[in-house]
Structure formats: structure tokens, C-alpha cells
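**Student:** Each chain, written out:
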Amino acid sequence: MANNLITFTTDFGTSDHYVGAMKGVIYKLNPQAQIVDISNAVNSFDILDGALTIAQTYQFFPPDTIHMVIVDPGVGTARRPLLVTTEKHKFIAPDNGVLSLVYEREERLSVRHITSEHYFLSPISQTFHGRDIFAPCAGWLSKGVETSKFGEEVTDFARFAAPKPKPVSPQILKGVVLKTDKFGNMITNFTVKEVPALFQTPTPPFKVLVNSKEVNIMRAAYAQGMHNEVFAIIGSMGYLELASNRGAASRLLGADRGSEVGIVIEGVNYSAPAAPPAAPPQAAAPA
Amino acid sequence: MANNLITFTTDFGTSDHYVGAMKGVIYKLNPQAQIVDISNAVNSFDILDGALTIAQTYQFFPPDTIHMVIVDPGVGTARRPLLVTTEKHKFIAPDNGVLSLVYEREERLSVRHITSEHYFLSPISQTFHGRDIFAPCAGWLSKGVETSKFGEEVTDFARFAAPKPKPVSPQILKGVVLKTDKFGNMITNFTVKEVPALFQTPTPPFKVLVNSKEVNIMRAAYAQGMHNEVFAIIGSMGYLELASNRGAASRLLGADRGSEVGIVIEGVNYSAPAAPPAAPPQAAAPA
Amino acid sequence: MANNLITFTTDFGTSDHYVGAMKGVIYKLNPQAQIVDISNAVNSFDILDGALTIAQTYQFFPPDTIHMVIVDPGVGTARRPLLVTTEKHKFIAPDNGVLSLVYEREERLSVRHITSEHYFLSPISQTFHGRDIFAPCAGWLSKGVETSKFGEEVTDFARFAAPKPKPVSPQILKGVVLKTDKFGNMITNFTVKEVPALFQTPTPPFKVLVNSKEVNIMRAAYAQGMHNEVFAIIGSMGYLELASNRGAASRLLGADRGSEVGIVIEGVNYSAPAAPPAAPPQAAAPA
Numbered sequence: 013m014a015n016n017l018i019t020f021t022t023d024f025g026t027s028d029h030y031v032g033a034m035k036g037v038i039y040k041l042n043p044q045a046q047i048v049d050i051s052n053a054v055n056s057f058d059i060l061d062g063a064l065t066i067a068q069t070y071q072f073f074p075p076d077t078i079h080m081v082i083v084d085p086g087v088g089t090a091r092r093p094l095l096v097t098t099e100k101h102k103f104i105a106p107d108n109g110v111l112s113l114v115y116e117r118e119e120r121l122s123v124r125h126i127t128s129e130h131y132f133l134s135p136i137s138q139t140f141h142g143r144d145i146f147a148p149c150a151g152w153l154s155k156g157v158e159t160s161k162f163g164e165e166v167t168d169f170a171r172f173a174a175p176k177p178k179p180v181s182p183q184i185l186k187g188v189v190l191k192t193d194k195f196g197n198m199i200t201n202f203t204v205k206e207v208p209a210l211f212q213t214p215t216p217p218f219k220v221l222v223n224s225k226e227v228n229i230m231r232a233a234y235a236q237g238m239h240n241e242v243f244a245i246i247g248s249m250g251y252l253e254l255a256s257n258r259g260a261a262s263r264l265l266g267a268d269r270g271s272e273v274g275i276v277i278e279g280v281n282y283s284a285p286a287a288p289p290a291a292p293p294q295a296a297a298p299a
Numbered sequence: 013m014a015n016n017l018i019t020f021t022t023d024f025g026t027s028d029h030y031v032g033a034m035k036g037v038i039y040k041l042n043p044q045a046q047i048v049d050i051s052n053a054v055n056s057f058d059i060l061d062g063a064l065t066i067a068q069t070y071q072f073f074p075p076d077t078i079h080m081v082i083v084d085p086g087v088g089t090a091r092r093p094l095l096v097t098t099e100k101h102k103f104i105a106p107d108n109g110v111l112s113l114v115y116e117r118e119e120r121l122s123v124r125h126i127t128s129e130h131y132f133l134s135p136i137s138q139t140f141h142g143r144d145i146f147a148p149c150a151g152w153l154s155k156g157v158e159t160s161k162f163g164e165e166v167t168d169f170a171r172f173a174a175p176k177p178k179p180v181s182p183q184i185l186k187g188v189v190l191k192t193d194k195f196g197n198m199i200t201n202f203t204v205k206e207v208p209a210l211f212q213t214p215t216p217p218f219k220v221l222v223n224s225k226e227v228n229i230m231r232a233a234y235a236q237g238m239h240n241e242v243f244a245i246i247g248s249m250g251y252l253e254l255a256s257n258r259g260a261a262s263r264l265l266g267a268d269r270g271s272e273v274g275i276v277i278e279g280v281n282y283s284a285p286a287a288p289p290a291a292p293p294q295a296a297a298p299a
Numbered sequence: 013m014a015n016n017l018i019t020f021t022t023d024f025g026t027s028d029h030y031v032g033a034m035k036g037v038i039y040k041l042n043p044q045a046q047i048v049d050i051s052n053a054v055n056s057f058d059i060l061d062g063a064l065t066i067a068q069t070y071q072f073f074p075p076d077t078i079h080m081v082i083v084d085p086g087v088g089t090a091r092r093p094l095l096v097t098t099e100k101h102k103f104i105a106p107d108n109g110v111l112s113l114v115y116e117r118e119e120r121l122s123v124r125h126i127t128s129e130h131y132f133l134s135p136i137s138q139t140f141h142g143r144d145i146f147a148p149c150a151g152w153l154s155k156g157v158e159t160s161k162f163g164e165e166v167t168d169f170a171r172f173a174a175p176k177p178k179p180v181s182p183q184i185l186k187g188v189v190l191k192t193d194k195f196g197n198m199i200t201n202f203t204v205k206e207v208p209a210l211f212q213t214p215t216p217p218f219k220v221l222v223n224s225k226e227v228n229i230m231r232a233a234y235a236q237g238m239h240n241e242v243f244a245i246i247g248s249m250g251y252l253e254l255a256s257n258r259g260a261a262s263r264l265l266g267a268d269r270g271s272e273v274g275i276v277i278e279g280v281n282y283s284a285p286a287a288p289p290a291a292p293p294q295a296a297a298p299a
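Protein chains in written order, with this note's numbering: chain D, 13 to 299; chain V, 13 to 299; chain H, 13 to 299.
If you're looking for bench data, these hints aren't it; they were derived computationally from the structure. Do not take every clue at face value.
Put simply, identical chains are the same to the list, so a pair is met inside one copy or across any two.
[To be verified] In the BS3-like style, the derived pairs of lysine-lysine whose C-alpha atoms are separated by at most 27 angstroms in a straight line are:
| id | residue 1 | residue 2 |
| --- | --- | --- |
| 1 | Lys178 | Lys155 |
| 2 | Lys155 | Lys40 |
| 3 | Lys100 | Lys40 |
| 4 | Lys40 | Lys194 |
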């Protein structure tokens, strides 16, 4: 079945010709294609950033949308090109874990190793499979070529677990900043699974510790924050965020992606570090 | 009547998933939609920048285009979501003044408070109404839902007057830099209404004073400027601009958005500051 | 014959209203248009950067695509607006050489000076012909107006030769960095024509000299590089590139667009500088 909607989630940037070349390849194969940029400014080489970006968006798109997710520092090596089919969506990506958070959300998965070279451009460059392999496969797929034509199913595809908060003492749960957004909001990896008390109203007294600074205020809207105050807020991705009203929390805290985040909640105790860590949370599904 | 053309003017940036999520929501509701990015890189939280961006573009689009204008630092507070209809266009935006320059240009306006929650996603996040409220309303609107279905008309919507130049002495008119563009051109708020002499050829002797520097040359094309010279030029937005040939006037002047700009024109006198200020100019309509 | 696909290659940036205004103009004329951004972040005023961007992309698009290439520091001067037709594509651009690398690749060219003012917006600004002249011409062209209606053919159009490597001693060939991409990869102007030995496997011993640093390793994939190592690699544009594995070669070398690059290859001798330079290479066509 043909589907003309194709999304791009890549780290190719918006300044170079890379994204334009991939679009040309697709339109030449399928002039009826409708290409939608999710983001082409994923942090360079940052597979987790790509994984978060597609995981936060694909479920909002119509059934049968084709999602190209190209963050591919291993281009030209033996890492495989994949075609992944879930109940409602299709994905084309390198086999490096960039779809890990999609795998985490989806119960039914078919993962194929794309090997049908007659769908590729020729010659194939060493450094730009987005143009030479992934884009033409997306083009043919959008024209209705069956997924089975692209290659065999595999089960040993790469996946990583998103970093989960862990207790480091009976009082402290330690997590990490997953990303800083354009506004300077810092998205942590704490969800309702690890810190349910912070997702309720009213919240008990708590402290979020980042870069030797302490955040102990929860707000329900950015605009409730005082000038230059950093507060916690339940964000739209399903994660606890640190934010500031019309300001950049990341700058005020001097922290960024990868910074460690400790949380202490009054009256909450965790098992000692030696005990098994909390069950891996499922990333919140916004819709 | 259905219209599939939907534009985006937002401060959500191009690096995160925000714009992609909004596009997904719209395409899921209306696969025939055609979404056009005007800009998603409005300065963060900058309502004036968003107001200028949409005011400089909407009138070039076809009748019945739906314009989403989401610069929304008050998301999650009591500020209302609006659906605005003018003679030829439709706008969806938070009620924070971001449409003020549209209101200024349009004689006939219908402004509705969007209250029909059955058009929204569920649940609604506290921090991303672009995805949860504004995008689905745009999607339904593009499918032909009548504007009256979204909520009641209101008259107390927020609007601000764009900053207008004022005389500060009989010789000096004082204005401001409204924005610096990608090239470093500085767009002031002086129009043909306040300084008609500078919009004619030849111009009388004049001085533009910015950051203790003086600009006294008018050029008719960027390429007429000398190397590292800053000159005045009548820009395409209908405002007087300060520019440099293949260089950034903002860097050469050490000035930026919000910098004060004084203008002295030989032979022109203004009433004293105590007198009523000049009539508010109408922003120039480029087409 | 009508063709609805129109691409944008411009230096107008993604932060301002410029690109949005041009899109509006086109959609108002032709609501069936399909506009594709190749890049709107060409370096400001940088005609070579624009020339490289369109030359690396247009051939991937379907026949009869209309390419708008607007890097136009001479806007408002006597430089002409052009409509260029090649065997398979159409281009609209200022006559400043921004299509030079297209001219270099195409055997059959028709170049017309656009003079039919009834296709322009009115009034025409001094500073934004992208909106007032180029976009409406693209809109009319996409509706099927014949190219001959826009103006007469000319033969004295501006073109420049892309900078070519030249021997500066019997051992050293000197070239230049054409551009640095989003990843920090440095694209040089060395192709298979000037340094065929480096495009074969295995390569002979060689040195690339940039900014007093020496690169002497060739890799077949980015991921083969060691941490913080800068290596040479044959890139997807047909040029020799300098790159680093998950890092920015430009930062590691302290070099950028315009930096000089010397190459010494063991066993390869060039004629003395006084002799005629090597034949101008044709830029590699990726497909």
C-alpha cells in the first residue's frame, strides 16, 4: 500500500546540501511524496538525541507514515540499514540503536536488514548513505513496494536502554539531563514511574540537585516562575524538566545534556544501591 | 470551506521535536494539509518578533490560509487560545498580543476564544499547547469546521501598539531597532510616516545616531556601500534600515534589537516633547 | 508545461520572514506548488557556497523542477535576474555567477534575462527581489508560462571558474577548503582529476598540509578514525575531505572555508609552476 508521507529526523543540519539531496532523490522516485522535516538539527553523531526526537513525534503522525531516522556516525562500516515496521508506522534507519525508544514503546515489531541493492543509487558513496541508500528506499517504499522486498527479517538488531534513574543512597535518586531544548529547558530522565510524588498535586517537599545547585520549587506553568528562578515542571515529553520563566534554566544552572541530577523527596526512601534498580520505566506516551 | 494551507510562525526552534509533533497532529487529522514554515526560529518568548514576522508575511499568502502563530510564554496560564478571522485570512494564536500588528492592518476582525475542548488532544500537557490545543484546532479548521464551532467572540483580546518614534527635542526623533536580521541589517521603527524626507530622492542631509555612532549616508542598494561603511536604506518591510555591504551593520555599530536610534534631519523640526506625539503610523503594506 | 516542484537555495536564513514571504507569493499564484527547501542557510553573501549547494543537489530532483537560487548581494543594482534552462531543469537566479557550477556541468544551456515586469510584484522593493521578482516569476513558471515569455536570451552572463588546485612546486599541489559542513568536515577542491592516486586503494603515502598541520591517513569510513584523529576521506561530493570520527576536523585543525591546503603524494611530480596548470577538472556528478 502506498503512503506518500515521509518524515526526516536527521543530524544533517540545515546549512548544507545534504537534506536537499535526499529530498530530491525521493521526489524523483515519487513526485507525489510529501516530505515533512521533524528535525534535521539533531546533535551531530548523537544517537540518543535522535532516538528521543523520533520517539516523541512518530505516534502523532498518520498510520503508515514512513519515518527516516538518519543519525549515522557508522556510515560506510558494516552497520546495517534497517526497515522497521510497527503496528502503525514504518521506519528506515541505520542499525545503531537510534530506534531504541521506538522498540521500547512498540509491542509488535518487524525489523528487516535492507539488502536489495537494486533500490539503491549507484555508485554508493562511502559517507552519505542517507542519499544513496536510505532515501531511495524510502522513495520506493512510499510507492508501495512491499517491505519484504527490501530484505530478510533479523532479530539481533542494536538497541540500548535509555538511561534510567537509580538510587545512590536511601534518600537520593540519581538521573541525568537527557537534553536541553531551544529555550534552555532541561529535560531529565525522571518520569512518573520513578518519582510519582512529583507528578501529583500538591507535591511533597523535594530537592533537585544539579551542578551543586538546588531546585526545590514545582510550578504548573512556565509563567508562574519568578525572574531568574529555576523550578521543576512536568513537561510535555512525560519527563520532569527544569525550567525558568522567559529564561534558560541551562544557563542559570550552568548545566547541559549529560549533567547528573539528584532528587531527594521528603518521606521517600529507596532501597540501598546494592539492591536491584527500579523497574525500567516506560517513556510516557503523550497521546 | 476547507483550506489545506497552514503556516507556522513559532519560537519552537528547528532543533527539537516540537515542530515535528505539531505537524504530525495536523497531518493525522488532515492528510491533505499543506504546512508551510514561515519561521520556527522567532526569538524565544519574543512576542514582538513573532508579531513582526507574521505581519510581514500573511498578506502574501492565498485567501483562507490558516496561520498558526505560537509564541506562548504564558502557556498553561489563563491566557486564552484565539481563533481570529480577517477579511482574507485565519489565525490561531495565544491571546498575548502576538497578532497585534495583524489587528493594526485589518479593518474587519472576528476574534474568538477557543473553548471547544473536543477538538483538543487529550490529555493536555501544561507546557505544549502548540501540540495539544493549537495544532488540532488548525487541523479541524483546515477540514472545514466553521469558525463559530470553536468558541464565542470576544472583544477584550490583548493587543499592544508597536513602538513608535517620538520627538525628544525639536531636532531629534527617537526610535528603536525592532529587529536585526540574519545579515546583520538593523530594522528600525521609522517609516515614511515619521521621516518622509528620508523616503524621497534626494534625501536632505541627516544623521542617524546609534550607540554613540553616526550614520549619515543613504544608499539605494546594499552593493553601493563602501567596505565596512554603515548606511541607511529603505528596506523591504517599509522601515528605515541600517545596513552594510556584505557585512553586518549590527556588528559594526555594536547595536542590536532594542537599541535606541535617534534621527536628525536638516530643516525638519518636531513639536516639543510635551506636545502630543506624531500620529501612530500604519505599518507599510508591501503588497 | 506546468511543474509544481520548486526548490529554494538561498542565504535568507531560517529566523526571519524572508523565506516565508517568498513562499506566500508562490502559493498565492499557484496553490498547487510544492516548495522544497534545499537550504536557506547558505553563508550570507557567499556566492560560491550557494553555487556548491545547488550544484550538489539539482540533478537529484525530477526533470522540470524549478530551482530558485537566491544569493544576491547585488540586489537593487543593475545585475540581471536570469531564467536558465538546461536539458532537464530550470533555474531562477541573479546574474552573479551563483549558477557557475551548473553551467560547468551542463552542455546545453538557455540563459534569459528576465525583463517581463508584468510578472513582478508591484511596487518592487530595493532590497528584496527574492520576494518581488524571483518568487513571482517562479510561481508563473510553475503554472506553465513559457520561458520565452520572461525575456530574451543572453550570452554574456556572469560565471566564475571554481577554484582549482595548482602545483606550487614539483612536489606540492595547492588547493583550498571549499566549505566546512555542519559536522566540521572540511571539503577541499581536490577531485579525482588532480589527485587520482588518492581516489584509489591502496593509496600511496601522502601528506595533506593545512594550517601547519599534517594529515597523512586515508580512511574509508568516518568510524574508522581514532579519537581526535584527523584523516582524509573521499567524500560524497566527489571531493577529498578532511574529517574526524565523531568530531570536527575544522576545530582540530583550526582551519575553515578558504584555508589553503597543500598535498604531497609520494612518487608524484607536477610540472613547475610556470607550466600551464592542470586541465580544469569537472566536478564529480554523484548520480
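**Student:** For every hint, state whether the structure bears it out.
**Tutor:** For each hint, the structure was consulted:
{"no.": "1", "hint": "Lys178 / Lys155", "in the structure": "neither (46 angstroms within a copy, 47 angstroms between copies)"}
{"no.": "2", "hint": "Lys155 / Lys40", "in the structure": "both (12 angstroms within a copy, 20 angstroms between copies)"}
{"no.": "3", "hint": "Lys100 / Lys40", "in the structure": "both (26 angstroms within a copy, 12 angstroms between copies)"}
{"no.": "4", "hint": "Lys40 / Lys194", "in the structure": "between (34 angstroms within a copy, 25 angstroms between copies)"}
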